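Peer 1: Chains as they are written, first to last, in the numbering used here: chain Y, 1 to 406; chain X, 407 to 567; chain B, 568 to 777.
Be aware that one or more of the hints could be misleading.
To be verified - To give an idea of the chain Y side of the interface with chain X (calculated C-beta under 7 Å), a few residues:
no., residue
1, V339
2, I373
3, Q376
Said to hold, decoys possible - Okay, derived cross-link-like pairs now, DSS-like style, lysine-lysine, Cα gap no bigger than 25 Å in a straight line:
no., chain 1, residue 1, chain 2, residue 2
4, Y, K71, X, K554
5, X, K554, Y, K70
6, Y, K361, X, K554
7, X, K515, X, K455
8, Y, K51, X, K515
Said to hold, decoys possible - According to the in silico footprint, chain X covers these stretches of chain Y (three or more CB under 8 Å from chain X):
no., region
9, 52 to 65
10, 341 to 355
Bear in mind the hints are in silico, worked out from the structure with no lab data behind them. Computed from a predicted structure; not experimentally measured. Backbone N, C-alpha and C fix where the C-beta goes; we use that ideal spot for every residue, glycine too.
Each chain, letter by letter, is given below.
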Amino acid sequence: MSVLEENLPNQDEFLDQSLESQMTLSMGPQHPSTHGVLRLDLRLDGELVVKAIPDIGYLHTGMEKLFEYKKYQQGIVITDRMDYLNPLGNNLAYVMAAEKLLGLEIPERAQVIRVMFCELQRIASHMVWLGTHALDIGAMSAFFYCFRQREKILNLIEAASGGRMTPSYFRIGGLMMDLPAGFERRCNQFLEDFPAALDMLNTLVTGNTIWQSRTQGIGLISAEEAIDWGLTGPCLRGSGVDLDLRRDNPYTGYETYDFNVCIEQDGDVWARFLVRMRELRESWKIVTQAVARLKPGPIKADAPKVVLPDRDDMRKHMDSLIHHFLIVAEGFNIPEGEVYMPIEGSKGELGVYMKSDGGPKPSRVHVRGPSFINLQALPVMSEGEMVADVVAIIGSLDIVLGEIDR
Amino acid sequence: MADTTVLLEYVEKLKAQNAAWVADFKDARGEVSVYVPREFVGDACRFLKFEQNFDMLADLCGTDRGPEEDPRFEVLYHLFSTTHHNRIRLKVLLSEDAPNVETVTSIWKTADWHERETYDMFGVIFDGHPDLRRILLPSDFDGHALRKDYPLRGYEPYSLS
Amino acid sequence: MGLENTLFESLPDVITVKLDAVVNWARKSSLWPATFGLACCAIEMMNTVSSRNDLSRFGAETFRASPRQADVMIVSGRVSRKMAPVLRRIYDQMPEPKWVISMGACATSGGVFDNYAIVQGVDKIVPVDVYVPGCPPRPEMLVHAIMMLQEKVMKESVKDRRDTYEEESRQSIVPGTLPVTEGTALEEKSKTATSRPYTIPSRHERRRSS
Chain Y
1 MSVLEENLPN QDEFLDQSLE SQMTLSMGPQ HPSTHGVLRL DLRLDGELVV KAIPDIGYLH
61 TGMEKLFEYK KYQQGIVITD RMDYLNPLGN NLAYVMAAEK LLGLEIPERA QVIRVMFCEL
121 QRIASHMVWL GTHALDIGAM SAFFYCFRQR EKILNLIEAA SGGRMTPSYF RIGGLMMDLP
181 AGFERRCNQF LEDFPAALDM LNTLVTGNTI WQSRTQGIGL ISAEEAIDWG LTGPCLRGSG
241 VDLDLRRDNP YTGYETYDFN VCIEQDGDVW ARFLVRMREL RESWKIVTQA VARLKPGPIK
301 ADAPKVVLPD RDDMRKHMDS LIHHFLIVAE GFNIPEGEVY MPIEGSKGEL GVYMKSDGGP
361 KPSRVHVRGP SFINLQALPV MSEGEMVADV VAIIGSLDIV LGEIDR
Chain X
407 MADTTVLLEY VEKLKAQNAA WVADFKDARG EVSVYVPREF VGDACRFLKF EQNFDMLADL
467 CGTDRGPEED PRFEVLYHLF STTHHNRIRL KVLLSEDAPN VETVTSIWKT ADWHERETYD
527 MFGVIFDGHP DLRRILLPSD FDGHALRKDY PLRGYEPYSL S
Chain B
568 MGLENTLFES LPDVITVKLD AVVNWARKSS LWPATFGLAC CAIEMMNTVS SRNDLSRFGA
628 ETFRASPRQA DVMIVSGRVS RKMAPVLRRI YDQMPEPKWV ISMGACATSG GVFDNYAIVQ
688 GVDKIVPVDV YVPGCPPRPE MLVHAIMMLQ EKVMKESVKD RRDTYEEESR QSIVPGTLPV
748 TEGTALEEKS KTATSRPYTI PSRHERRRSS
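When you get a sec, could you build the whole thing from the sequences and use the hints?
Peer 2: Below is the structure:
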């Protein structure tokens, strides 16, 4: 808060006043700054927020019910649409849960490509975060710079999988298809240009005094509160808790990559902003290492009853054709059991709980969406702040309504 | 698969504290699930949080086994520790006529919305919850959507009236 | 709106045709969308607005947050049952002339989600002018949709009344369902008319009044 704070009367006096002096403002589902269809019921005293009650469910799609009616491989398509800024991350969580149930071994090349795409997707997701966060606070140019970088990443994802935002690239047992020719050259081209773009964004946003005064000291949450409210990801690391599932509960070979976990101590909007900006650079490092590690090899696990055979194989060999037919027509059965597979998505701990009863369709799939839990802490962060700060806080939480409402 | 000896130690500690807490446990695919009878959920969770340092409730969800099964509902608690990075799962089995279980919002504040979602989707009632109402489905929705006997396409086509 | 229409209806065709061209050109060149981004298609809409595929070239310069200042509502994303009344309300708050683009498979027909939670097609709630398939549609497809809408706008006429239903739709209003002003022609008709099926007149069925 700025110099003016000395001139304001004590804020506690406002919070003790009766209800007649308060106004209810419905920051309603159609709003440019709520990052989706979120309704916030704000009780205001002047500009000060006394109570903030989020109302969600405006994008509820019944995805968890849909999963139970679709075979395992058909469910991958639905996961793209949950956290639509991080579709490859959602794919990964679902696919790895199924692989854990099956006990499949994923080949090396597939694991490296998975890491590469996950981190590229994290960069793309943080670009949207930064663009929209800046747009809400008023820095409109950052939006265009960020989306320019995102276009390059979307081109890469589209080259590999055919879809810009809904790739469904990972499959149970490996990948959909191998990378096209020339992909590494294009990826390296992007990686060369990206640090300059990051520096440009830092010049535009991070060093800006207006940005700093609008984000410092706002939306405070302490480390113990953050853990109690279940915050994960950059929101937790911004409060000083050293937790990153890529390092602590590693998966797909993350333990073999060299990267730092970015932590800030303050727990305000500025701290979360800095964490994500640093994470962009760390993700860039990981992608560089992954691309350097690419070696020719198989991309699908050795499980003919689960993984589709190559098209060539299918056309020449009878047993491949039979397997292909059975997998597509009837699906494959997964033995009974349940798993919980958490990954470090771009917003926090993205967990998929999958329960199988031995058939081709899952019995229950529950997705632990990090934005759902992070949003729960919004009232704690925004009570006592002004209405304009609520916009900044929502931006710093990086919520995606598709994941919240599923 | 991953090594579960550390997690099994936690099961032993739970049993040592009070043998009634652990009705059964399962060790599969690198994960340990402990079946806790519903009266003891609060106590077991408090023990695990305050004494065994499982300070984060990663996930709380429900499952419907099917209308013919008894107990019909399961409520799962996925606990995680930010200090020793271990995960353990607690399961509570609830029958259809008495789908009540004690709330854990006093232990982990994050359980609030998780329990509302489980109530919304399955109809499991959490006793002592500060504000148990629907969260994802419209507030005038009839029925609980994720139950196995609720049809995928719902009951009526949409109309604005 | 009513006064302009009665005025224009009395003008000879040679003037209204030229007036049509000017008015429609002005309208199509400055179609300001209302932000109605719901889900993944909203991000592709944001991609369409950003520098690579620039929607401002086509007149959609600013995305107005307030529907009172917007011309076209691009419904981008899946409409859940809880959101549907909100959608209708925002549509009602837009002043005439207004158009609706249904972007993406979910808005057009429910998309991948054929279940209890999603309205199977936004045209059950608002009249749609242009449908864009895709999941999500590429930004170029949305630009094409805006261009198609511009062609459609060029075909309209100032003589079309927008404030009341067309003659044939007026006849199908079920007596007793709408408030009727006393002493008007509609009241006479509603007293004597038999009950007919109630239909929401779609904008596609509007004809030129001559």
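Peer 1: Would you mind marking each hint as holding or not holding in the structure?
Peer 2: Here is what the structure says about each hint:
no. : hint              : verdict
1   : V339              : holds, 6 Å
2   : I373              : holds, 6 Å
3   : Q376              : holds, 5 Å
4   : K71/Y <-> K554/X  : holds, 16 Å
5   : K554/X <-> K70/Y  : holds, 14 Å
6   : K361/Y <-> K554/X : holds, 13 Å
7   : K515/X <-> K455/X : holds, 12 Å
8   : K51/Y <-> K515/X  : holds, 17 Å
9   : 52 to 65          : holds (count 6)
10  : 341 to 355        : holds (count 5)
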